[in-house]
Amino acid sequence: MSETKAIATRTSRKAQHTLLRFLARRAVTSVILLFGIVLVTFSLTVIVPGDPVRAALGEGAASNPATVEAFRQKYGLDQPVWIRFFIYVGNLLRGDLGTSLKSGQPVSADLAKAVPATAEIAFYAIIISLAVAIVLGTLAAYRRGKVTDQVVRVVTLIGLSIPTFWMAILTYQLFFMQLHWVSGSGRISPTITPPPRITGFYTIDYLLNGDSVGFLDAIGHLALPVLVLSLFTIATLTRFVRTSVLEVLDMDYARAARAKGLSGRRVVVGYVLRGAALPILTLVGIAFGSLLSGTVLVEAVFAWPGLGTYAYNASKNLDLLAVTGVGLVVGVIYLVINLVVDVLYGVLDPRVRLS
Amino acid sequence: MARPYRHVAAALVAAAAIVLAGCSGGNSANNSSNSSSSGGTLVVDTAFSLETGDPGRNYVPTGNMVLHAVYDTLLTFQGADSTTPKPDLATMKQNADATEFTFTIQDGRKFSDGTPVTADDVVFSLDSVAGITDSKANFLMAGITVAKVDDKTVKLSTKTPSLQLPAIVTNPSLAIVNSKVVQKNGGTTDDKDAAKTWLDANSAGSGPYTLQSLDLTSQVVLVKNDKYDGDDKPAYDKIVVRNISQSSTQLTNLKGGDSNVAVDLSGDQVKNLGDGFTVNSAPSAETLFLLINQDKNVGGATASPKFAEAVRYALDYDKLLELAGSGSVQATGVIPPMFPGANKSGVKQDLEKAKAALAASGYTGQEIKLQFPNDNPVGGVEFTPVAERVQEQLKAAGINATLAPAPFATEVQPYVKAQEAFSLWYWGPDYADTSSFLPFGPGQKVGLRAGWAAEADASIADLVTKAQNATSVDARNSAFGDYAKAMQESGPFVPLIVPGINLASSTKVAGLEYNVTWTLDLRTLHPAK
Numbered sequence: 379m380s381e382t383k384a385i386a387t388r389t390s391r392k393a394q395h396t397l398l399r400f401l402a403r404r405a406v407t408s409v410i411l412l413f414g415i416v417l418v419t420f421s422l423t424v425i426v427p428g429d430p431v432r433a434a435l436g437e438g439a440a441s442n443p444a445t446v447e448a449f450r451q452k453y454g455l456d457q458p459v460w461i462r463f464f465i466y467v468g469n470l471l472r473g474d475l476g477t478s479l480k481s482g483q484p485v486s487a488d489l490a491k492a493v494p495a496t497a498e499i500a501f502y503a504i505i506i507s508l509a510v511a512i513v514l515g516t517l518a519a520y521r522r523g524k525v526t527d528q529v530v531r532v533v534t535l536i537g538l539s540i541p542t543f544w545m546a547i548l549t550y551q552l553f554f555m556q557l558h559w560v561s562g563s564g565r566i567s568p569t570i571t572p573p574p575r576i577t578g579f580y581t582i583d584y585l586l587n588g589d590s591v592g593f594l595d596a597i598g599h600l601a602l603p604v605l606v607l608s609l610f611t612i613a614t615l616t617r618f619v620r621t622s623v624l625e626v627l628d629m630d631y632a633r634a635a636r637a638k639g640l641s642g643r644r645v646v647v648g649y650v651l652r653g654a655a656l657p658i659l660t661l662v663g664i665a666f667g668s669l670l671s672g673t674v675l676v677e678a679v680f681a682w683p684g685l686g687t688y689a690y691n692a693s694k695n696l697d698l699l700a701v702t703g704v705g706l707v708v709g710v711i712y713l714v715i716n717l718v719v720d721v722l723y724g725v726l727d728p729r730v731r732l733s
Numbered sequence: 005m006a007r008p009y010r011h012v013a014a015a016l017v018a019a020a021a022i023v024l025a026g027c028s029g030g031n032s033a034n035n036s037s038n039s040s041s042s043g044g045t046l047v048v049d050t051a052f053s054l055e056t057g058d059p060g061r062n063y064v065p066t067g068n069m070v071l072h073a074v075y076d077t078l079l080t081f082q083g084a085d086s087t088t089p090k091p092d093l094a095t096m097k098q099n100a101d102a103t104e105f106t107f108t109i110q111d112g113r114k115f116s117d118g119t120p121v122t123a124d125d126v127v128f129s130l131d132s133v134a135g136i137t138d139s140k141a142n143f144l145m146a147g148i149t150v151a152k153v154d155d156k157t158v159k160l161s162t163k164t165p166s167l168q169l170p171a172i173v174t175n176p177s178l179a180i181v182n183s184k185v186v187q188k189n190g191g192t193t194d195d196k197d198a199a200k201t202w203l204d205a206n207s208a209g210s211g212p213y214t215l216q217s218l219d220l221t222s223q224v225v226l227v228k229n230d231k232y233d234g235d236d237k238p239a240y241d242k243i244v245v246r247n248i249s250q251s252s253t254q255l256t257n258l259k260g261g262d263s264n265v266a267v268d269l270s271g272d273q274v275k276n277l278g279d280g281f282t283v284n285s286a287p288s289a290e291t292l293f294l295l296i297n298q299d300k301n302v303g304g305a306t307a308s309p310k311f312a313e314a315v316r317y318a319l320d321y322d323k324l325l326e327l328a329g330s331g332s333v334q335a336t337g338v339i340p341p342m343f344p345g346a347n348k349s350g351v352k353q354d355l356e357k358a359k360a361a362l363a364a365s366g367y368t369g370q371e372i373k374l375q376f377p378n379d380n381p382v383g384g385v386e387f388t389p390v391a392e393r394v395q396e397q398l399k400a401a402g403i404n405a406t407l408a409p410a411p412f413a414t415e416v417q418p419y420v421k422a423q424e425a426f427s428l429w430y431w432g433p434d435y436a437d438t439s440s441f442l443p444f445g446p447g448q449k450v451g452l453r454a455g456w457a458a459e460a461d462a463s464i465a466d467l468v469t470k471a472q473n474a475t476s477v478d479a480r481n482s483a484f485g486d487y488a489k490a491m492q493e494s495g496p497f498v499p500l501i502v503p504g505i506n507l508a509s510s511t512k513v514a515g516l517e518y519n520v521t522w523t524l525d526l527r528t529l530h531p532a533k
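Protein chains in written order, with our numbering: chain A, 379 to 733; chain B, 5 to 533.
Check each hint, because a few of them may be wrong.
[Stated by the list, open to error] Cross-link-like lysine to any residue pairs, in silico, SDA-like; alpha carbons within 25 Å at most:
| # | chain 1 | residue 1 | chain 2 | residue 2 |
| --- | --- | --- | --- | --- |
| 1 | B | K196 | A | R450 |
| 2 | B | K196 | A | G454 |
| 3 | B | K196 | A | G438 |
| 4 | A | K694 | B | A408 |
| 5 | B | K399 | B | S308 |
| 6 | B | K228 | A | P574 |
| 7 | B | K489 | B | D354 |
| 8 | B | K90 | B | D155 |
| 9 | A | K694 | B | Q423 |
| 10 | B | K512 | B | Q82 |
| 11 | A | K694 | B | L407 |
| 12 | B | K421 | A | R432 |
[What the hints assert, rightly or not] Partial list, derived from the structure: chain A residues whose beta carbon lies under 8 Å from chain B:
| # | residue |
| --- | --- |
| 13 | D429 |
| 14 | L435 |
| 15 | A439 |
| 16 | N442 |
| 17 | A448 |
| 18 | K480 |
| 19 | G562 |
| 20 | S563 |
| 21 | P568 |
| 22 | V679 |
Keep in mind that the hints were calculated from the coordinates and are not lab data.
Quick reminder that beta carbons are idealized off the backbone N, C-alpha and C, glycines included.
Input sequences plus hints: build the corresponding full structure.
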């Protein structure tokens, strides 16, 4: 018995060391990748045709040589590109993402407001999408070829085919303007005061401050953007869950479980879903990253002051450091998500853990 | 039902109840509109172009709108008028040469902290804009010196006649700030100025509203200034100006009762608003025009006044105007219709005249590129359909144009460097004065972008000089009129459309006024009786 315990302890320690080595290796790779992202994004802002000074100053001020000169000096645009890059990287190491040419505010401060706004809708959208997709996808696979399967497949196909921005406009007109079921645009109503910042998620911050009015108002404003983003993600995930579950249902161990007399529900929940979890997890990671970084049109329709809106405005205005900052944030988002997915692989699959 | 499922069901019901309760928040402007007949909160939706709450560093439309409500200027425009500056903080007298302008601060004017407005505040405010060289508004103070005469009087001087100065000082960028408060928070009159951060969160003005909060990406909140002592008494306790970038969302918000005023609706959108809404459609001060470069090295076969004439008469302006919607009018020249000196009527299509001019120009049917920015609609007018219609109409007159769109930030470079042979652009005034349109003249800023040097048309260049040096309003307006007429006859520009601006509000709000500089006058808005 004690020998068994010792073996278990050794195995556990070995697994911990393996995990630590894995995390250390990923951290080093991430730093190299992030440097690459910064290099590419910074280079693109230099290569792209157009004068950022004119874009930032506008017609009148750009005709004033004194203002142009002062502006170039202030933002270091009078320096050669390679010096600007090294200054940028140096500042980056100190956590300084530079100053927005357009707003004159630190890019990190701008992003600190924009990222949680997008993260909040993305977080709720992915939770809802995952829950619905697992149920629908599993149901469709379990009843392969039957009416339920056909309906789910057609509905998800429709969900994939409808442009998200169109769905956003449509649902906003219907549920807000016609039916008055949901609140208007933005994160909160104009008569409501934003919560003191703790997490940046208004729903959570209102709750932490015990402000139920603010919490309900924030929920009311979240409802439609989350719904619209969820619809597309549900459609994508559902089809993928169906395929993954179908593959596992045909595997020997699933058949064996059914042959042993286990109920269909127990087979699906206890065996099939666990087996199908790894590919689903990968897609969930990608979908979450996509929600965090690619919600420009939905944010525009719902006047949501998030990362997509910030990125669009920064690109349009040739706001160089803001564009680079967004590139860096999106890069970090994908790196973190991939890391989390890889770690969860280990948690879900003992073979990965032990390898 | 098994226990785990009961828990799940209960959780789902609770979640649904929370969502429904939250969702029923509904229409915020309507919720506050009970009080809007006696003040309350006014919600205004607009697509933000907002960079700071510091008036001396501001030079963008939403900034002008907001800061005009918070800060007073020496002079101002009333309502939709953009021709006659009226006293705001001060009255004005000028000398016969139009080089000295003496401003006397009106009695009783106070900042929001209750301290009186003095000449020192005026000198500090204007010197700050002149001294902060990286301020976008710095150019407004070019050539103007400011001197205190006594505690209530300030003199602004220029070396050359400057009849545009009264219009310039109406600009919210030249607002008068409480110098003691701003200095205490880092304000200076040179590049060391560090008051921006404080002014982005607070205000130090004497206008009818004060700044409660400013978020450059989402909303600005203004509250009533109880100590305001001017003519525009604040009608609302609070004004919330929100950033709604999509005009379709502005429309839905207005119809759904989430906002009281929408600023950026297109002509088509206001057409279908129906009862319960007030619409104010008016021509803006922007002009869409075609540029025909007169430099042979750039324009080649099309670099001639005759080719410009052919283009001018080849176009059907009424058909072009169809693309612009309510409030838009044909551009009658380089000066928009609301400014003194503008032509009374525009060019009419004359294909015979166009073909004759084309034959005389030496153009023999070559493909020419029509360059334009395709991501920067002006007054709701998209450039791509306008360019397409121009292309189609020119083809009927024998001119073969291919479309060459590009993003604004990319396209603006060759435009300002005079590298475009044929392009579609727009121009708006730097300040509300006809002199803002003199840059189209030969040898001037926009003229040079068309490869049009001063010596290319000495007579029009003389008209520009005459208008710039005029010392009486009548003489200047007469010079503007001659300039506009001459430009329309022989300039390298073909003005097309003055896009409309469409302000819309619920009928519970009155006083909807468009102004060239601050777009919507928040001061004049009040609950309808």
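So, going through the hints one by one against the coordinates:
1. A threshold of 25 Å between alpha carbons decides the hint, and for B:K196 with A:R450 the separation of about 16 Å falls inside it, so the pair holds.
2. For the hint pairing B:K196 with A:G454, the CA-to-CA distance comes to about 17 Å; that is within 25 Å, so the pair holds.
3. Our distance criterion of 25 Å between C-alpha atoms is met by B:K196 and A:G438, whose separation comes to about 23 Å.
4. The hinted pair formed by A:K694 and B:A408 meets the criterion: a straight-line CA distance of about 19 Å does not exceed 25 Å.
5. Distance hint between B:K399 and B:S308 is fulfilled; the C-alpha atoms sit about 19 Å from each other, no more than 25 Å.
6. For the proposed pair B:K228 and A:P574, the alpha carbon gap of about 24 Å is at most 25 Å, so the pair holds.
7. For a cut-off of 25 Å, the pair hint linking B:K489 to B:D354 stands: about 18 Å separates their Cα positions.
8. Annotation: proposed proximity of B:K90 to B:D155 holds, straight-line Cα distance about 21 Å (limit 25 Å).
9. Of the supplied pair hints, the one linking A:K694 and B:Q423 holds, its CA atoms being roughly 22 Å apart against a limit of 25 Å.
10. As the CA atoms of B:K512 and B:Q82 are separated by approximately 22 Å, the hinted pair is consistent with the 25 Å bound.
11. Proposed proximity of A:K694 and B:L407 is supported: the alpha carbons are some 21 Å apart, at most 25 Å.
12. Of the pairs offered as hints, the one joining B:K421 and A:R432 holds, with about 12 Å between alpha carbons and a cut-off of 25 Å not exceeded.
13. Annotation: interface hint on A:D429 holds; nearest CB of chain B at approximately 6 Å, less than 8 Å.
14. Taking 8 Å as the C-beta contact cut-off toward chain B, the hint placing A:L435 at the interface holds, the least distance being around 6 Å.
15. A distance limit of 8 Å between C-beta atoms decides the matter here; for A:A439 the minimum to chain B is near 4 Å, and the interface restraint holds.
16. At a threshold of 8 Å, the smallest CB-CB gap from A:N442 to chain B is about 4 Å, leaving the interface hint in force.
17. The restraint placing A:A448 at the interface with chain B holds, with a minimum CB-CB distance near 4 Å, inside the 8 Å limit.
18. Checking A:K480 against chain B: minimum C-beta separation of about 6 Å stays under 8 Å; hint holds.
19. Taking 8 Å as the C-beta cut-off, the interface hint given for A:G562 holds, the closest approach to chain B being about 3 Å.
20. Hint status for A:S563 relative to chain B: holds, with the closest Cβ pair at about 5 Å, below 8 Å.
21. Proximity of A:P568 to chain B holds as hinted, the smallest CB-CB distance being about 4 Å (cut-off 8 Å).
22. For A:V679, the shortest C-beta to C-beta distance to chain B is roughly 6 Å, which falls under 8 Å, so the interface hint holds.
Comparing the model with each numbered hint stated earlier shows that all of them hold.
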